[in-house]
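Make a model of the complete structure from these sequences and hints.
These protein sequence lines are chains A and B, in that order.
Numbering follows numbering that gives the first Met the number 0, with no gaps: position 77 of the first sequence is 76.
Numbering follows numbering that gives the first Met the number 0, with no gaps: position 104 of the second sequence is 103.
Certain hints may be false.
A pair counts as met if it fits within one copy or between any two copies, since identical chains are not told apart.
[Claimed, not checked] Below are the DSS-like pairs computed for lysine-lysine, each with C-alpha atoms no more than 30 angstroms apart in a straight line:
#1 K295 - K81
#2 K31 - K45
#3 K45 - K295
#4 K198 - K61
#5 K31 - K100
Hints listed in this document are in silico derivations from the structure and should not be mistaken for laboratory results.
If you want the building blocks of each chain, they are given just below.
There are 2 protein chains.
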Amino acid sequence: MKPRFAIGVDFGATTVKTGLVSSAGKILYQNKLPTNGHSGPSAVIKQIEASVRDALSRADGKKTAGIGIGSPGVVDDHGVVKSPPNIPQWDEVPLARTIGKIFPRHRIKVENDANAAAIAESRFGAGKKYPNFLFVIWGTGVGGGIILNNRIYRGPTGGAGEIGHISIDYNGAECNCGNRGCVEAYIGQRYLSQRTTEKLKSRPDSKILELVNGDQSKLEPMYLAQAARQGDQLAREMLTEAGEMLGVAIAAVMNVMDLRVSIIGGGISAAGDFVIEAIEQSVRSRVLKPLRPGIKVLQARLGNDAGILGAAGLVL
Amino acid sequence: MKPRFAIGVDFGATTVKTGLVSSAGKILYQNKLPTNGHSGPSAVIKQIEASVRDALSRADGKKTAGIGIGSPGVVDDHGVVKSPPNIPQWDEVPLARTIGKIFPRHRIKVENDANAAAIAESRFGAGKKYPNFLFVIWGTGVGGGIILNNRIYRGPTGGAGEIGHISIDYNGAECNCGNRGCVEAYIGQRYLSQRTTEKLKSRPDSKILELVNGDQSKLEPMYLAQAARQGDQLAREMLTEAGEMLGVAIAAVMNVMDLRVSIIGGGISAAGDFVIEAIEQSVRSRVLKPLRPGIKVLQARLGNDAGILGAAGLVL
Numbered sequence: 000m001k002p003r004f005a006i007g008v009d010f011g012a013t014t015v016k017t018g019l020v021s022s023a024g025k026i027l028y029q030n031k032l033p034t035n036g037h038s039g040p041s042a043v044i045k046q047i048e049a050s051v052r053d054a055l056s057r058a059d060g061k062k063t064a065g066i067g068i069g070s071p072g073v074v075d076d077h078g079v080v081k082s083p084p085n086i087p088q089w090d091e092v093p094l095a096r097t098i099g100k101i102f103p104r105h106r107i108k109v110e111n112d113a114n115a116a117a118i119a120e121s122r123f124g125a126g127k128k129y130p131n132f133l134f135v136i137w138g139t140g141v142g143g144g145i146i147l148n149n150r151i152y153r154g155p156t157g158g159a160g161e162i163g164h165i166s167i168d169y170n171g172a173e174c175n176c177g178n179r180g181c182v183e184a185y186i187g188q189r190y191l192s193q194r195t196t197e198k199l200k201s202r203p204d205s206k207i208l209e210l211v212n213g214d215q216s217k218l219e220p221m222y223l224a225q226a227a228r229q230g231d232q233l234a235r236e237m238l239t240e241a242g243e244m245l246g247v248a249i250a251a252v253m254n255v256m257d258l259r260v261s262i263i264g265g266g267i268s269a270a271g272d273f274v275i276e277a278i279e280q281s282v283r284s285r286v287l288k289p290l291r292p293g294i295k296v297l298q299a300r301l302g303n304d305a306g307i308l309g310a311a312g313l314v315l
Numbered sequence: 000m001k002p003r004f005a006i007g008v009d010f011g012a013t014t015v016k017t018g019l020v021s022s023a024g025k026i027l028y029q030n031k032l033p034t035n036g037h038s039g040p041s042a043v044i045k046q047i048e049a050s051v052r053d054a055l056s057r058a059d060g061k062k063t064a065g066i067g068i069g070s071p072g073v074v075d076d077h078g079v080v081k082s083p084p085n086i087p088q089w090d091e092v093p094l095a096r097t098i099g100k101i102f103p104r105h106r107i108k109v110e111n112d113a114n115a116a117a118i119a120e121s122r123f124g125a126g127k128k129y130p131n132f133l134f135v136i137w138g139t140g141v142g143g144g145i146i147l148n149n150r151i152y153r154g155p156t157g158g159a160g161e162i163g164h165i166s167i168d169y170n171g172a173e174c175n176c177g178n179r180g181c182v183e184a185y186i187g188q189r190y191l192s193q194r195t196t197e198k199l200k201s202r203p204d205s206k207i208l209e210l211v212n213g214d215q216s217k218l219e220p221m222y223l224a225q226a227a228r229q230g231d232q233l234a235r236e237m238l239t240e241a242g243e244m245l246g247v248a249i250a251a252v253m254n255v256m257d258l259r260v261s262i263i264g265g266g267i268s269a270a271g272d273f274v275i276e277a278i279e280q281s282v283r284s285r286v287l288k289p290l291r292p293g294i295k296v297l298q299a300r301l302g303n304d305a306g307i308l309g310a311a312g313l314v315l
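Okay, here's the thing in structure tokens:
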């Protein structure tokens, strides 16, 4: 009989979260640590080791399918993690091999975190019914993963899914990546906050100002999502416009890859149905006609659990 | 021993070209007919039948691997051709099944023509060394095909590769497809000619005017390519700018699919090395940093033979 449990590790710049997951996608137990990122890779690997041992101890001796790890950065076919943003000293870390030496009796798989979240939605979430879809994480930045035939499309070197750096205006704003007009440069942290700050000058009654206690330097897309959920008009306008822009980039991917379904995760997707509707309307009006009847934009279902579930899904 | 010959049919709105092709990618014999498109599918199918019989008769009784057909329009997994542009009455034609009934002893495969050309470059042309690349046809319009692991990526319904309808300006010019700012709307027939016409007002010495005998309504991108080859400055400027725009769309695909190589075919790619260089420079400056060292933009090698060769490659 196939093992029905696996360990999933969601390793990020701020936290290491590890869970014991059933093959049905239930997290039976989980722990959480603040990432000790500034002490370098070996300190973080020790944290992962400790959290995995803890989770394994809750498996009551049941056979597990292995240990899956979702990591920021590009992850190559051998589980080497390359330059994860916001974690110093990680130019190239052979994470799969290192964890494999610590847990030699377990199967180890390491995957990029956005890809892991896409796998989670495919196996256990909003993508269960859809063999092919584009998954988008929209939070501080914009990332993604592509599911083809129920499997992750990693690309030749594991770097696929960078939807945030599709240019939607070739003459547009400069992005940190060096390109111009990247969709992330319009709907990610920096520019979305800048544009909102501009608009707040003439809309001093907006709830957004309350949420940041009047300090606009604290303005993050998450506060826009929160204000929108509370019915704030300006927040809804900003996110509707941003959703339309995201739709431009999604439509490009759908045209090129012949896809019809997109699943939106990350903090902003939780701002309300209106965001998902704005994205869907934009995508549908922009894709080629034969694709239009099948267009579906759905909200991700697994929220913060997607990381652990997708990591476990790598070995389940 | 594997058969070393196949029949390749390159069926388009203007001509039906059919060849006897060796497994090394040599066209040993070919014929060519003007497409009798206005008489409906059965007339065209009769043309294909006659041209295939003719090519088969040149095989001297050697065993052939089958008959491959490149067709405009979307081609589904069962070889049904859907709505090829510029050919009336072809809403849905089961081309593979129909040709299979006529030649029951031969294996039949039908594929979209841009995909067939991509396969040709992969098997026999500029893509031989590259297991993964984006193929672009740039002529009157902009189309493409994606090669992954030496095979064509068709997408779930066979519609993949529509790079021409990536928007490079979400507020840009309206495209026939309903989207705004599609790269095809900038570098395809209509807009490229319009912009050139504008510029010709202040550049009456351009060779372009000679080539169209002073009649600017005849201005096609092909004439720009021809003028550029003859050293015309305005033509080179227009195509350099257009190449930079094409690079924006190619960079988007490379970021999303983790690709590094693009091969450019179609009439305009033959305007000169400067076009390929303009595209490459644009792509390299716009893709994510980890991709940059590997970026290669190459000119297609097979020219007008790509259709027949790719079609034969479907069954070889």
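Numbered hints the structure breaks, given as an ascending list: Per hint list: 3 and 4 violated.
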